[in-house]
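Peer 1: Chains as they are written, first to last, in numbering that gives the first Met the number 0: chain P, 0 to 298; chain Z, 0 to 298.
No wet-lab data here; the hints were simulated from the structure. A portion of the hints provided could be inaccurate.
Stated by the list, open to error - One side of the interface only, derived from the structure: several residues of chain P facing chain Z at Cβ under 7 angstroms:
1. Cys-22
2. Leu-169
3. Arg-170
4. Trp-171
5. Ile-238
6. Pro-243
7. Ser-245
8. Arg-248
9. Phe-253
10. Lys-256
11. Arg-259
Predicted model, so just to flag it, every value in this text is computed and none were measured. From the three backbone atoms N, C-alpha and C, an ideal C-beta is built for every residue, glycine too.
If you want the building blocks of each chain, they are given just below.
Protein chains: 2
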Amino acid sequence: MRCKLCKKNEAEIFLKSYGLRLCREDFISFVKRRVIRAVEKFRMFSSEEKILVAVSGGKDSLALLHILKDLGFSVCGYFLDLGIEPMSLSARNMIERFSKRFDVPVIMDFLSDVFGASLPEISRKMNRPACSYCGTLKRYFFNQRGREFDVVATGHTLNDEAASLFANNLRWDVSYMSRQYPVLPAELNFAKKVKPLIYVSEKETAAYCFFKGIEYYEEGCPYAKGASSIFLKRKLMEIDEKRPGSMYRYLKGFLDKKRREGFMMETDSILQPCQRCGYPTTAGLCSVCRMKDRVLFDG
Amino acid sequence: MRCKLCKKNEAEIFLKSYGLRLCREDFISFVKRRVIRAVEKFRMFSSEEKILVAVSGGKDSLALLHILKDLGFSVCGYFLDLGIEPMSLSARNMIERFSKRFDVPVIMDFLSDVFGASLPEISRKMNRPACSYCGTLKRYFFNQRGREFDVVATGHTLNDEAASLFANNLRWDVSYMSRQYPVLPAELNFAKKVKPLIYVSEKETAAYCFFKGIEYYEEGCPYAKGASSIFLKRKLMEIDEKRPGSMYRYLKGFLDKKRREGFMMETDSILQPCQRCGYPTTAGLCSVCRMKDRVLFDG
Chain P
0 MRCKLCKKNE AEIFLKSYGL RLCREDFISF VKRRVIRAVE KFRMFSSEEK
50 ILVAVSGGKD SLALLHILKD LGFSVCGYFL DLGIEPMSLS ARNMIERFSK
100 RFDVPVIMDF LSDVFGASLP EISRKMNRPA CSYCGTLKRY FFNQRGREFD
150 VVATGHTLND EAASLFANNL RWDVSYMSRQ YPVLPAELNF AKKVKPLIYV
200 SEKETAAYCF FKGIEYYEEG CPYAKGASSI FLKRKLMEID EKRPGSMYRY
250 LKGFLDKKRR EGFMMETDSI LQPCQRCGYP TTAGLCSVCR MKDRVLFDG
Chain Z
0 MRCKLCKKNE AEIFLKSYGL RLCREDFISF VKRRVIRAVE KFRMFSSEEK
50 ILVAVSGGKD SLALLHILKD LGFSVCGYFL DLGIEPMSLS ARNMIERFSK
100 RFDVPVIMDF LSDVFGASLP EISRKMNRPA CSYCGTLKRY FFNQRGREFD
150 VVATGHTLND EAASLFANNL RWDVSYMSRQ YPVLPAELNF AKKVKPLIYV
200 SEKETAAYCF FKGIEYYEEG CPYAKGASSI FLKRKLMEID EKRPGSMYRY
250 LKGFLDKKRR EGFMMETDSI LQPCQRCGYP TTAGLCSVCR MKDRVLFDG
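In isolation and in its complexed conformation, chain P is listed as follows:
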């Protein structure tokens, strides 16, 4: 079958949600247009701004870095090595090859350097699952590195954002729902943060990497097995499979209502700089400085 857009080339992919059969080139353009649409709609950044793209080595963040570079934005990758072996080593190697091949600079930090312990060490010391610290630590160091840039971009996809909304929605946790937005403005020492892939699904980032020959780490984090966020994500994907476009309409409908009507928008924010490192926090010491005290000094 022919591509629905150019009507010349053989279609190589069927986008069920949009009822579109596309050739490789038109699919690539389609994905890029969806990124541009999100960037413009939510005023994420301009072509003058310097963007730090957080990469994990997975398909989503590498696709994002590749797309933004290809669109002519000024990008630099950032990889925080959490020391979860063998994953972290594989991911780091792939990112290094990506960096050379596509000529994109990537900054690499090791958690054991910048924090003083790897994630497995922290988890052992604190005697709690690694997942309870991972998000906090990544946010913290993305922010720290992000200060040298105008904006920090993460590879959260349509699937990620819809699943996160769904988890809070099921509990009607309006406080979390009100904070969910693809742009968080710079505040105190927080860098501006953006999610340019909100309109792109994981099937699409996987296809993008496949068509562009981008090698990525496929196995997923060993700690995330059976995580409840993955369960809800799968349920949403099952719904989307049967009713194509559901996931997109769900997230887009929510964000559009927020943007246009101020629906469920956050109102309160009582952040102050951490007394030790300056990171915004509601307490005197931020959660990472408190974690450091416990992990490194048995505080």
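Fit chain Z to the known structure of chain P by using the hints.
Peer 2: Frame of chain P, contents of chain Z only:
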């Protein structure tokens, strides 16, 4: 294992959502308390009021009729025979036996009498699926009969209401979400309508019928096979199975926010009486009178 409440009798049922193992008697009391809680919280009706309970012959509506009768309310059943054979005949027979056995009056109407055609006939004549007319017709005749009563109660369960909320929520159809509430006040010629089973799940109505020896029609409507509402209901139940109590928290969280904060409450209503039958409508003729013109007079 012993019942967690009386600590005497053998537990016969495990309520995963509440982490409760109960004996037969305590389970029956538990279900009744959940009905009382909904009735009181949403001021559904008092013991002086006359309640018309719409029954289909299925487990939910028969359990509701039984519970309300047992709690001492003044109830009368109402069965609208849609003429969907062999279902309607089986359901009617079961309801007649129920009526005699538990000494509850039940009014029976035939759609072919009160409308002039059965549901399959309407569907053939209008050349559209029966499901597109079923809800409208049931609502219409429940209302008509309801005028002789103080309130019309339907057997919508936690599962029904959560699934209906979910379907609208996925599209962020705030207009539908704003109308969802377990009590709709009397308005124009509309009877007051209530849903006393919002805190009771379908597993619980099934167990209630089983313990009380209530025979019910189990097979479901032949037209409803593959309906998308059933698909979303199943997905919610899968989530609830893995994370017990999710469905309850989802519906209750929403209704509590509405009740306490006026969250997503309806504001507009421009109903007028139908020019022919007096039924509230936004048009000059109500949808059922228009349907009649087309089905019976080729209008």
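Peer 1: Now tell me, hint by hint, if it's right for this structure.
Peer 2: Hints, one by one, checked against the model:
| no. | hint | in the structure |
| --- | --- | --- |
| 1 | Cys-22 | 31 angstroms, violated |
| 2 | Leu-169 | 5 angstroms, holds |
| 3 | Arg-170 | 6 angstroms, holds |
| 4 | Trp-171 | 3 angstroms, holds |
| 5 | Ile-238 | 6 angstroms, holds |
| 6 | Pro-243 | 13 angstroms, violated |
| 7 | Ser-245 | 6 angstroms, holds |
| 8 | Arg-248 | 6 angstroms, holds |
| 9 | Phe-253 | 6 angstroms, holds |
| 10 | Lys-256 | 6 angstroms, holds |
| 11 | Arg-259 | 12 angstroms, violated |
Hint compliance for this structure: hints 1, 6, 11 are broken, all remaining hints hold.
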